[in-house]
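Asks: Each chain, letter by letter, is given below.
Protein chains: 2
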Amino acid sequence: MINAIKVAENEGADIICFSELATCGYPPRDFLEFDDFIHLAEDSIEVLKNHSHQVAIVVGSPSRNPVIEGKDLYNSAYFLYQGEVLYIQHKTLLPTYDIFDEYRYFEPASEYGIVEFKGKKIALTICEDIWNLGNENPLYTVCPLDHMMPYDPDFIINISASPFSFSKAESRTDVIRANVHAYKLPMFYINHVGAQTEIIFDGGSVIMSPDGTVYEELDYFEEIIKTYDLNEVIAGQTPVLQPKNKITEIHDALILGIRDYFGKLGFSKAVLGLSGGIDSAVTAVLAARALGPENIRVLLMPSQFSSDHSVQDAIKLSENQGIQYDIVPIKDIYEAFMKELHSIFKDLPFNVTEENIQARIRGTLNMAISNKFGHILLNTSNKSEMAVGYGTLYGDLAGGLSVIGDVYKTEVFELARYINKDKEVIPENTIIKPPSAELRPNQKDTDSLPEYEELDPILFEYIENRTDPADIIAMGHDEKLVRRILRLVNINEFKRHQTAPVLRVSRKAFGMGRRMPIVGKYLS
Amino acid sequence: MINAIKVAENEGADIICFSELATCGYPPRDFLEFDDFIHLAEDSIEVLKNHSHQVAIVVGSPSRNPVIEGKDLYNSAYFLYQGEVLYIQHKTLLPTYDIFDEYRYFEPASEYGIVEFKGKKIALTICEDIWNLGNENPLYTVCPLDHMMPYDPDFIINISASPFSFSKAESRTDVIRANVHAYKLPMFYINHVGAQTEIIFDGGSVIMSPDGTVYEELDYFEEIIKTYDLNEVIAGQTPVLQPKNKITEIHDALILGIRDYFGKLGFSKAVLGLSGGIDSAVTAVLAARALGPENIRVLLMPSQFSSDHSVQDAIKLSENQGIQYDIVPIKDIYEAFMKELHSIFKDLPFNVTEENIQARIRGTLNMAISNKFGHILLNTSNKSEMAVGYGTLYGDLAGGLSVIGDVYKTEVFELARYINKDKEVIPENTIIKPPSAELRPNQKDTDSLPEYEELDPILFEYIENRTDPADIIAMGHDEKLVRRILRLVNINEFKRHQTAPVLRVSRKAFGMGRRMPIVGKYLS
Numbered sequence: 001m002i003n004a005i006k007v008a009e010n011e012g013a014d015i016i017c018f019s020e021l022a023t024c025g026y027p028p029r030d031f032l033e034f035d036d037f038i039h040l041a042e043d044s045i046e047v048l049k050n051h052s053h054q055v056a057i058v059v060g061s062p063s064r065n066p067v068i069e070g071k072d073l074y075n076s077a078y079f080l081y082q083g084e085v086l087y088i089q090h091k092t093l094l095p096t097y098d099i100f101d102e103y104r105y106f107e108p109a110s111e112y113g114i115v116e117f118k119g120k121k122i123a124l125t126i127c128e129d130i131w132n133l134g135n136e137n138p139l140y141t142v143c144p145l146d147h148m149m150p151y152d153p154d155f156i157i158n159i160s161a162s163p164f165s166f167s168k169a170e171s172r173t174d175v176i177r178a179n180v181h182a183y184k185l186p187m188f189y190i191n192h193v194g195a196q197t198e199i200i201f202d203g204g205s206v207i208m209s210p211d212g213t214v215y216e217e218l219d220y221f222e223e224i225i226k227t228y229d230l231n232e233v234i235a236g237q238t239p240v241l242q243p244k245n246k247i248t249e250i251h252d253a254l255i256l257g258i259r260d261y262f263g264k265l266g267f268s269k270a271v272l273g274l275s276g277g278i279d280s281a282v283t284a285v286l287a288a289r290a291l292g293p294e295n296i297r298v299l300l301m302p303s304q305f306s307s308d309h310s311v312q313d314a315i316k317l318s319e320n321q322g323i324q325y326d327i328v329p330i331k332d333i334y335e336a337f338m339k340e341l342h343s344i345f346k347d348l349p350f351n352v353t354e355e356n357i358q359a360r361i362r363g364t365l366n367m368a369i370s371n372k373f374g375h376i377l378l379n380t381s382n383k384s385e386m387a388v389g390y391g392t393l394y395g396d397l398a399g400g401l402s403v404i405g406d407v408y409k410t411e412v413f414e415l416a417r418y419i420n421k422d423k424e425v426i427p428e429n430t431i432i433k434p435p436s437a438e439l440r441p442n443q444k445d446t447d448s449l450p451e452y453e454e455l456d457p458i459l460f461e462y463i464e465n466r467t468d469p470a471d472i473i474a475m476g477h478d479e480k481l482v483r484r485i486l487r488l489v490n491i492n493e494f495k496r497h498q499t500a501p502v503l504r505v506s507r508k509a510f511g512m513g514r515r516m517p518i519v520g521k522y523l524s
Numbered sequence: 001m002i003n004a005i006k007v008a009e010n011e012g013a014d015i016i017c018f019s020e021l022a023t024c025g026y027p028p029r030d031f032l033e034f035d036d037f038i039h040l041a042e043d044s045i046e047v048l049k050n051h052s053h054q055v056a057i058v059v060g061s062p063s064r065n066p067v068i069e070g071k072d073l074y075n076s077a078y079f080l081y082q083g084e085v086l087y088i089q090h091k092t093l094l095p096t097y098d099i100f101d102e103y104r105y106f107e108p109a110s111e112y113g114i115v116e117f118k119g120k121k122i123a124l125t126i127c128e129d130i131w132n133l134g135n136e137n138p139l140y141t142v143c144p145l146d147h148m149m150p151y152d153p154d155f156i157i158n159i160s161a162s163p164f165s166f167s168k169a170e171s172r173t174d175v176i177r178a179n180v181h182a183y184k185l186p187m188f189y190i191n192h193v194g195a196q197t198e199i200i201f202d203g204g205s206v207i208m209s210p211d212g213t214v215y216e217e218l219d220y221f222e223e224i225i226k227t228y229d230l231n232e233v234i235a236g237q238t239p240v241l242q243p244k245n246k247i248t249e250i251h252d253a254l255i256l257g258i259r260d261y262f263g264k265l266g267f268s269k270a271v272l273g274l275s276g277g278i279d280s281a282v283t284a285v286l287a288a289r290a291l292g293p294e295n296i297r298v299l300l301m302p303s304q305f306s307s308d309h310s311v312q313d314a315i316k317l318s319e320n321q322g323i324q325y326d327i328v329p330i331k332d333i334y335e336a337f338m339k340e341l342h343s344i345f346k347d348l349p350f351n352v353t354e355e356n357i358q359a360r361i362r363g364t365l366n367m368a369i370s371n372k373f374g375h376i377l378l379n380t381s382n383k384s385e386m387a388v389g390y391g392t393l394y395g396d397l398a399g400g401l402s403v404i405g406d407v408y409k410t411e412v413f414e415l416a417r418y419i420n421k422d423k424e425v426i427p428e429n430t431i432i433k434p435p436s437a438e439l440r441p442n443q444k445d446t447d448s449l450p451e452y453e454e455l456d457p458i459l460f461e462y463i464e465n466r467t468d469p470a471d472i473i474a475m476g477h478d479e480k481l482v483r484r485i486l487r488l489v490n491i492n493e494f495k496r497h498q499t500a501p502v503l504r505v506s507r508k509a510f511g512m513g514r515r516m517p518i519v520g521k522y523l524s
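Protein chains in written order, with my numbering: chain S, 1 to 524; chain V, 1 to 524.
Looking at chain S on its own, in the form it has when it is part of the complex (with noise of 0.2 Å):
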């Protein structure tokens, strides 16, 4: 953030935008409970507000309510200039569903003002506060522009940490614009760029003037520092938009949720299995273009059950993107295993107790790598496998991330597609093959599941929508096989109960925004 003041500065700039609580970075969580994080979010004010020399800084951290009743922060924006706090503007609407949990920390303001700064009368506001305009969302009664009005601001200032999900990006410009058009002002959205866990941030500020027109909307994905002259965007100019592709961008969303990940925790290596499938298969290229080919290392873990085409896949796509393999059979791990049991299964038949055993070996391998090098290993179970709980616990269940836990089986395709635009990057035969968890022989999913191009319309009602089962069966899908899945869903809580985080690209991801009792009998 100093950098970027010294940048600022530089370009001659008046006032420079951080995004919301980016002191201490969002979502903090229950850090916020503890004082000690608190004052270490006041030092940082202090810290930013002794490097404001020519240029005013506008930035998110919390505070502390000064009143006894409620809760014991606010969230704030903070206007700092020439080492002073000239104003503190608190957050109004907070988000209390999905991944949010702000009411649970913050008190709502209940005092608007403005800030007047170099003849300029600013409004500021953060993320959801925008949310509410004519009183048009049933969540909240109140609408802080609309008290910030009378003081007659020249623009508007929002600070957000706005998640990223692929469909979001247009109803933010569409609500930036219902502002701009009902209050007749230009607005400087600044949102937050990067990953916090599971959590992806994209950024896509929207510089907008008075007209409603997109001055610019930035890069997505990106941190970017850019200077605009308030009268060049209240004249306006032909828009500079992002182009918007659900695949591009969850493509670029989860290379950002890996490097991130890593980033923040200090690691730079991953490891993953490859099976020849196509989920380890776009995960490992997904990882390789996050953190460098040379940092990736995979393990090819064939046992009797794998089909001779799959260790050759995988090698191939291995060389192809330049990726550090081993070959590691599994079969005399999996007997030693079944010489010690036999004195407890005796005669029993093999069934999934078997499968997960070899499953587990090959999690137990993994976790070797990452162990003895540092890797962290990349979990590659797709949406549709989760949710129905198609998977071994600790076995590929296992990982320190789930890179493509929100992504559906059939977008998996699509992301494989998309990856093989210019050149076969990912091998054909990898795409076209069955899926198999190859645990048995001759295994396919569709064994055990219906084909994805009809398992997933179902999930998708069920996990985005809520809708009821019946409405789900009314819109033509088989009535057996509907009450069967929405039982695998809610009985396979407990795995995800016990799963990484899961990087979220859809508006509603298993993890933090989706809390489900695990002992509930709801449709179980």
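A portion of the hints provided could be inaccurate.
Note: identical chains are not told apart, hence a pair may lie in one copy or across any two.
Unchecked claim - Dumping the calculated DSS-like pairs for lysine-lysine here, alpha-carbon to alpha-carbon at most 30 Å:
1) 508 / 495
2) 521 / 269
3) 521 / 508
4) 495 / 521
5) 316 / 339
6) 339 / 521
7) 331 / 372
8) 316 / 346
9) 495 / 269
10) 495 / 264
11) 168 / 444
12) 6 / 168
13) 480 / 372
14) 246 / 495
15) 168 / 521
16) 269 / 346
17) 495 / 372
18) 49 / 444
19) 508 / 264
20) 444 / 372
21) 372 / 521
22) 346 / 508
23) 339 / 372
The set of hints was computed from the structure by calculation and includes no laboratory data.
Following the hints, complete the assembly by docking chain V onto the known chain S.
Replies: Structure of chain V alone, referenced to chain S:
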């Protein structure tokens, strides 16, 4: 509930009370976002309503907010009588901290009244509603009973789902008494009993006479139906109180937690690894008491690093308890792993990697029993280990339920002593030998951790009290040690993210009540 209504009818009762959100279970979490789920709760109210003949029914259930603005639901107390809903009182004070997310779902009440029934006026309150007497609770600004007093009620009913923690029963009685004193009315405080995944409700319902003496405090951890005469409650009697003892309560709470986790998931049998150490010994005894020793199966999995006494101690405990045990040595499987990994590891020295492989072999063997025979694997890690990350993910951290993950190691010793109070259930040697993971020759926990007597108070200050590091040091703990321990707690969040639900017995357990960033840099 229908059976209970029949009992109440036979006893000639006028009113039967069930607890908060009793129709759908507490906490229903995001099930509340499913319209279909709310319909099912509404259907339950219909069914109950039609089972009210002589006896009126007070029951908690979600109800819909007819106003578009605000949250979609209320957390409500229904008063049902002879096929009619006589009255609905919504909950006002919505806990949104620790394990609670009520403002995620519910709109607070803004209207208050009383029920008139058989010549009496009844004030209906829900759980937290009585916890802001005299507006003394800084979290809230409304005291619901103040708004009911103008209607001149004759007595107060409070239906609760107040989770157990070992220090809570005392403060609960105090709160009830303060309300009774303030309003000079008798109170019937009905608390939920049973466990919902990790959250344990202890019951301990309280009937209080208007002079503030406890008319009766009901047993903890048991479902009870009991009838009271209002006039007798008003007249008062010698207090009937439950004994309060921290370790007894934890012991009983964990047994209920295990029993309900299994019962609600439709399982009856548990498996766990018995190391000869105190954690698995205590867990095995608690499991045997919850499910019956005939439903417990243990694996003894010695390695070349296991001491002789480990297997002997484990066998002795199994025999004491009448638990089925099998001995499965892991040496050959371990060597099979090392053989396959040799081409990758070459001559790199033995380190934590090889320790983890042993732990993961044991995890895989335990899960093999779980999968083959339908047992749930119990996790045996204690709170001290979980805090500092002293455990192997997918190894000893595996399991469907963490039994003692909210019990510090020093408290595990107290539990063992309590279990042994009448006779030696847990072999004395298990209790007195120095704790060791036995993953390398002559390993002791104190090789990498301080003595638990030194560690646990530091952890308690940081986790339960969220004390500033500087203040923990000022209490007389070594600065370097404190900084190292707190850092270990924070950097091991990734492990806790992937472990089983932890039965909650303290006021700050790992899990849904403690929401920490994984990549957050605080103290890491």
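Asks: Evaluate each hint against the coordinates.
Replies: Against the structure, the hints come out as follows:
no.	hint	verdict
1	508 / 495	both (18 Å within a copy, 24 Å between copies)
2	521 / 269	between (41 Å within a copy, 19 Å between copies)
3	521 / 508	both (21 Å within a copy, 26 Å between copies)
4	495 / 521	both (16 Å within a copy, 28 Å between copies)
5	316 / 339	between (35 Å within a copy, 26 Å between copies)
6	339 / 521	neither (39 Å within a copy, 46 Å between copies)
7	331 / 372	both (22 Å within a copy, 20 Å between copies)
8	316 / 346	between (41 Å within a copy, 26 Å between copies)
9	495 / 269	both (26 Å within a copy, 19 Å between copies)
10	495 / 264	both (26 Å within a copy, 16 Å between copies)
11	168 / 444	neither (35 Å within a copy, 53 Å between copies)
12	6 / 168	neither (32 Å within a copy, 54 Å between copies)
13	480 / 372	between (47 Å within a copy, 27 Å between copies)
14	246 / 495	within (28 Å within a copy, 32 Å between copies)
15	168 / 521	between (33 Å within a copy, 28 Å between copies)
16	269 / 346	between (42 Å within a copy, 20 Å between copies)
17	495 / 372	both (27 Å within a copy, 17 Å between copies)
18	49 / 444	neither (61 Å within a copy, 50 Å between copies)
19	508 / 264	both (24 Å within a copy, 27 Å between copies)
20	444 / 372	between (34 Å within a copy, 22 Å between copies)
21	372 / 521	between (42 Å within a copy, 24 Å between copies)
22	346 / 508	neither (45 Å within a copy, 45 Å between copies)
23	339 / 372	both (27 Å within a copy, 15 Å between copies)
Checked against the numbered hints listed earlier, the structure breaks hints 6, 11, 12, 18, 22; every other hint is satisfied.
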